[in-house]
Amino acid sequence: AQSVTQLGSHVSVSEGALVLLRCNYSSSVPPYLFWYVQYPNQGLQLLLKYTTGATLVKGINGFEAEFKKSETSFHLTKPSAHMSDAAEYFCAVSESGANSKLTFGKGITLSVRP
Amino acid sequence: NAGVTQTPKFQVLKTGQSMTLQCAQDMNHEYMSWYRQDPGMGLRLIHYSVGAGITDQGEVPNGYNVSRSTTEDFPLRLLSAAPSQTSVYFCASSGRAQGLTYEQYFGPGTRLTVT
Numbered sequence: 001a002q003s004v005t006q007l008g009s010h011v012s013v014s015e016g017a018l019v020l021l022r023c024n025y026s027s028s029v030p031p032y033l034f035w036y037v038q039y040p041n042q043g044l045q046l047l048l049k050y051t052t053g054a055t056l057v058k059g060i061n062g063f064e065a066e067f068k069k070s071e072t073s074f075h076l077t078k079p080s081a082h083m084s085d086a087a088e089y090f091c092a093v094s095e096s097g098a099n100s101k102l103t104f105g106k107g108i109t110l111s112v113r114p
Numbered sequence: 115n116a117g118v119t120q121t122p123k124f125q126v127l128k129t130g131q132s133m134t135l136q137c138a139q140d141m142n143h144e145y146m147s148w149y150r151q152d153p154g155m156g157l158r159l160i161h162y163s164v165g166a167g168i169t170d171q172g173e174v175p176n177g178y179n180v181s182r183s184t185t186e187d188f189p190l191r192l193l194s195a196a197p198s199q200t201s202v203y204f205c206a207s208s209g210r211a212q213g214l215t216y217e218q219y220f221g222p223g224t225r226l227t228v229t
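As you go down the protein sequences, you meet chains Y and X in turn. Position 37 of the first sequence, counting from 1, maps to 37 under the working numbering, and the rest follow consecutively. Position 95 of the second sequence, counting from 1, maps to 209 under the working numbering, and the rest follow consecutively.
Chain X on its own, in the form it takes in the complex (with noise of 0.2 Å):
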């Protein structure tokens, strides 16, 4: 298994452009997640999904959509890039496979920044 997996590793933008992180998983999880790691901060949650066609809103969930047509792919948009959206971006999974606790697997993570 890959596990998580995020491309790009590395994106620069400049304000206003738009864009789209991707994010998959090949362990058949129902759960799905976004964070943004801030130096700081810790990370702290964008969007999240219980099952494909289910998403909801996290504690940062402005300037960024999600969708999740199937059960491998979250990808998160950023509509109008402005530079407080530099961060790192990491992408979790969760699923009944790990037992009664949802442990989460993060991906590597994408270095974005906006200039």
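Only chain Y is shown next, with the shape it has when bound in the complex (with noise of 0.2 Å):
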């Protein structure tokens, strides 16, 4: 079975500053891995994802993240935070690419301080 771990529910960082959002997964069969972004009363948007090649993944928003087999790992992060990142982000792994069923991990809202 395939699971997703986001510690933590909550990170603040500052305006120009770092930002790392961490996921770890278990999958018993290669994964694909996700990151979608949602903002307040809104449905999810996919950031970035990765199925197979290059294991740096370049998404939308100036996010990228980068899977880490040995670590079992795909964090997230972006040079600078900006006021608009503001949101709640969730870490999703598939055992498929060609199948609908996603589980994610518990979220994690992220704060950003002028």
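FYI, nobody ran anything at the bench for these hints, they're computed from the structure. Be aware that a few hints might be false.
Below, a list of computed lysine to any residue pairs in the SDA-like style, where the Cα atoms sit at most 20 Å apart [stated by the list, open to error]:
#1 Y:106 x X:198
#2 Y:106 x X:191
#3 Y:101 x X:152
#4 X:123 x Y:69
#5 Y:58 x Y:22
#6 X:123 x X:191
#7 Y:106 x X:169
#8 Y:69 x Y:28
#9 Y:68 x Y:25
#10 Y:106 x X:123
#11 X:123 x X:169
Taking CB as the label site, the calculated pair distances span [stated by the list, open to error]:
#12 X:115 x Y:82: 26 to 36 Å
#13 Y:77 x X:121: 30 to 40 Å
#14 Y:84 x X:155: 24 to 34 Å
#15 Y:56 x X:194: 24 to 34 Å
#16 Y:16 x X:134: 46 to 56 Å
#17 X:193 x Y:16: 48 to 58 Å
Computed from a prediction, not measured in an experiment: that's the story for all the values here. Just so you know, even glycine gets a beta-carbon here, dropped at the ideal spot from N, CA and C.
Hints in hand, dock the two standalone chains.
Written out as structure tokens, the structure is:
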């Protein structure tokens, strides 16, 4: 069975500081990994995804994530936080790119201080 | 394209009432799913469908029914609402148009309160 661990429920950074949101996964097969963002009272928007190939994945809004198989991790980073990055972030895993069964982590709320 | 649409946006039910949450997509996607989102729990899969006429249970299916008579629609039925079903419900769809990985597109959600 697949699972996702996002440690902590809230991260606070200053504007311009590095953003690091951690995600570890468990999967019995090579995983497909995703990061989604949810702004208040909205649906989920895909930030980036890892399928195969290059382990450093770039997404929208300056975010990127690196797939590290040995550490079973897929941490999300952004070099310089912006106020508009304040949102909830979800890491998700699928054991197949060809199905609709995502397993999500519990989510992390990112706050950005002026 | 409207993408994934959900109705209603908000709903209040009394315990024991039944209702149907509507979900439709206009992207000709074969895969559709229902998730519920609860504080501190992330999103959990309720039911999913890999095509018209085919549905299966997810992680938390109890108290919910689904059917998929058309590619476009995937309604979620609450048979007898309970306070534990108070949640935000998201419908998602994905399909071959997104290439190798079937990226899921999410609807705006339905916020349900059961009193």
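Outcome of the hint check:
Distance restraint check for residue 106 of chain Y and residue 198 of chain X: the Cα-Cα separation of roughly 18 Å lies within the 20 Å cut-off, and the hinted pair is therefore satisfied. For the hint pairing residue 106 of chain Y with residue 191 of chain X, the CA-to-CA distance comes to about 25 Å; that exceeds 20 Å, so the pair is violated. Between residue 101 of chain Y and residue 152 of chain X, the direct Cα distance comes to roughly 18 Å. Compliance with the 20 Å bound is thereby established for this hinted pair. Annotation: proposed proximity of residue 123 of chain X to residue 69 of chain Y is violated, straight-line Cα distance about 40 Å (limit 20 Å).
With a C-alpha separation of about 16 Å, the suggested pair residue 58 of chain Y and residue 22 of chain Y falls inside the 20 Å cut-off, and the hint holds. Restraint check: the Cα-Cα separation between residue 123 of chain X and residue 191 of chain X comes to about 15 Å, which is no more than 20 Å; the hinted pair holds. Annotation: proposed proximity of residue 106 of chain Y to residue 169 of chain X is violated, straight-line Cα distance about 25 Å (limit 20 Å). Between the alpha carbons of residue 69 of chain Y and residue 28 of chain Y the distance comes to roughly 12 Å, so the proposed pair stays at or under 20 Å and holds.
Taken as a hint, the residue 68 of chain Y and residue 25 of chain Y pair is honoured in the structure, with Cα atoms around 10 Å apart against an allowance of 20 Å. Taking the CA atoms of residue 106 of chain Y and residue 123 of chain X, the gap is near 23 Å; set against the 20 Å cutoff, the hint is violated. For the hint pairing residue 123 of chain X with residue 169 of chain X, the CA-to-CA distance comes to about 24 Å; that exceeds 20 Å, so the pair is violated. At about 29 Å, the beta-carbon gap between residue 115 of chain X and residue 82 of chain Y stays in the expected band of 26 to 36 Å.
Distance hint check for residue 77 of chain Y and residue 121 of chain X: the Cβ-Cβ separation is about 38 Å, which falls inside the suggested range of 30 to 40 Å. Range check, residue 84 of chain Y to residue 155 of chain X: Cβ separation about 26 Å, and the 24 to 34 Å hint holds. In this structure the hint that residue 56 of chain Y and residue 194 of chain X lie 24 to 34 Å apart at CB is violated, the actual value being about 49 Å. Separation of residue 16 of chain Y from residue 134 of chain X is about 48 Å and conforms to the stated range, judged on CB atoms against 46 to 56 Å.
The given range of 48 to 58 Å is respected by residue 193 of chain X and residue 16 of chain Y, whose C-beta atoms sit roughly 51 Å from each other.
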